[in-house]
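Protein chains: 2
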Amino acid sequence: MKVINIEDIPFEEVKGFEGVRKQVVIGPSEGSNEIVLRCFSIDPGASSPYHTHDFPHLIKVESGEGFIKDADGKNINLRAGKYVYVNDNEKHSITNTCSDILSFICIVPIRGENPR
Amino acid sequence: MKVINIEDIPFEEVKGFEGVRKQVVIGPSEGSNEIVLRCFSIDPGASSPYHTHDFPHLIKVESGEGFIKDADGKNINLRAGKYVYVNDNEKHSITNTCSDILSFICIVPIRGENPR
Chain A
1 MKVINIEDIP
11 FEEVKGFEGV
21 RKQVVIGPSE
31 GSNEIVLRCF
41 SIDPGASSPY
51 HTHDFPHLIK
61 VESGEGFIKD
71 ADGKNINLRA
81 GKYVYVNDNE
91 KHSITNTCSD
101 ILSFICIVPI
111 RGENPR
Chain B
1 MKVINIEDIP
11 FEEVKGFEGV
21 RKQVVIGPSE
31 GSNEIVLRCF
41 SIDPGASSPY
51 HTHDFPHLIK
61 VESGEGFIKD
71 ADGKNINLRA
81 GKYVYVNDNE
91 KHSITNTCSD
101 ILSFICIVPI
111 RGENPR
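Quick mapping for you: the protein sequence lines, in order, are chains A and B.
Heads up: the first sequence runs through residues 1 to 116, numbered per my numbering.
Heads up: the second sequence runs through residues 1 to 116, numbered per my numbering.
It should be emphasised that the hints constitute simulated quantities derived from the structure, not laboratory data.
Honestly, I wouldn't trust all of these hints.
Since the list gives no way to pick out one identical chain from another, each pair is judged satisfied if it fits inside one copy or across any two copies.
With a straight-line Cα cutoff of 30 Å, these simulated DSS-like cross-link-like pairs (lysine-lysine) come out [claimed, not checked]:
id: 1; residue 1: Lys91; residue 2: Lys2
id: 2; residue 1: Lys22; residue 2: Lys2
id: 3; residue 1: Lys82; residue 2: Lys15
id: 4; residue 1: Lys69; residue 2: Lys15
id: 5; residue 1: Lys82; residue 2: Lys2
id: 6; residue 1: Lys22; residue 2: Lys82
Throw the hints in and build the complete structure from the sequences for me.
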């Protein structure tokens, strides 16, 4: 068992995701080799790329406001407390529309954190 | 893609867990067949049983205060914002020590939500 304070987890830049930082809160370093829980912080005005991959996302917005673009190009508003499920191979991007950090936890199977 | 408001998710009693209710926030009904995100609410003074199972827990405390008992019987304090990783087959229970609901999200592989 491991109890974790997110303040102790370093931020990592995310390659190809400008204005986006990641903390791996629960992952292999904590003994979790099946599921990984990351926390993403998106700067005001920044977005994750409109992209797809062969693993799902289980998301909970922690703070800030923005939107997620779905596979049809439709933008759906996000704010703290909203949950989102993104299917495997479903195109998506997340944009921060507020003046503070947009932060959200994003849970993936291990293949999503160590892409093959 | 599915955007979910937790207020729309019904509470379920948890068999054998008195004073504990569960919401399945992201699971098979949302299209997630690999990982399930549940939210648990524990009443003041109540606990989950001291138990074990063959799947891990990735936990984030959402509100309230309490403790988690580890496999050695040691109690580790929990409060909003703490994350916990519980290994497969590691004995644990969670107790609410405050006067409000203790709520936490608890992520499991699908076999943890539909035990075999």
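Against the structure, the hints:
no. : hint          : result
1   : Lys91 - Lys2  : between (34 Å within a copy, 13 Å between copies)
2   : Lys22 - Lys2  : both (20 Å within a copy, 23 Å between copies)
3   : Lys82 - Lys15 : both (26 Å within a copy, 28 Å between copies)
4   : Lys69 - Lys15 : within (20 Å within a copy, 39 Å between copies)
5   : Lys82 - Lys2  : both (26 Å within a copy, 10 Å between copies)
6   : Lys22 - Lys82 : both (19 Å within a copy, 17 Å between copies)
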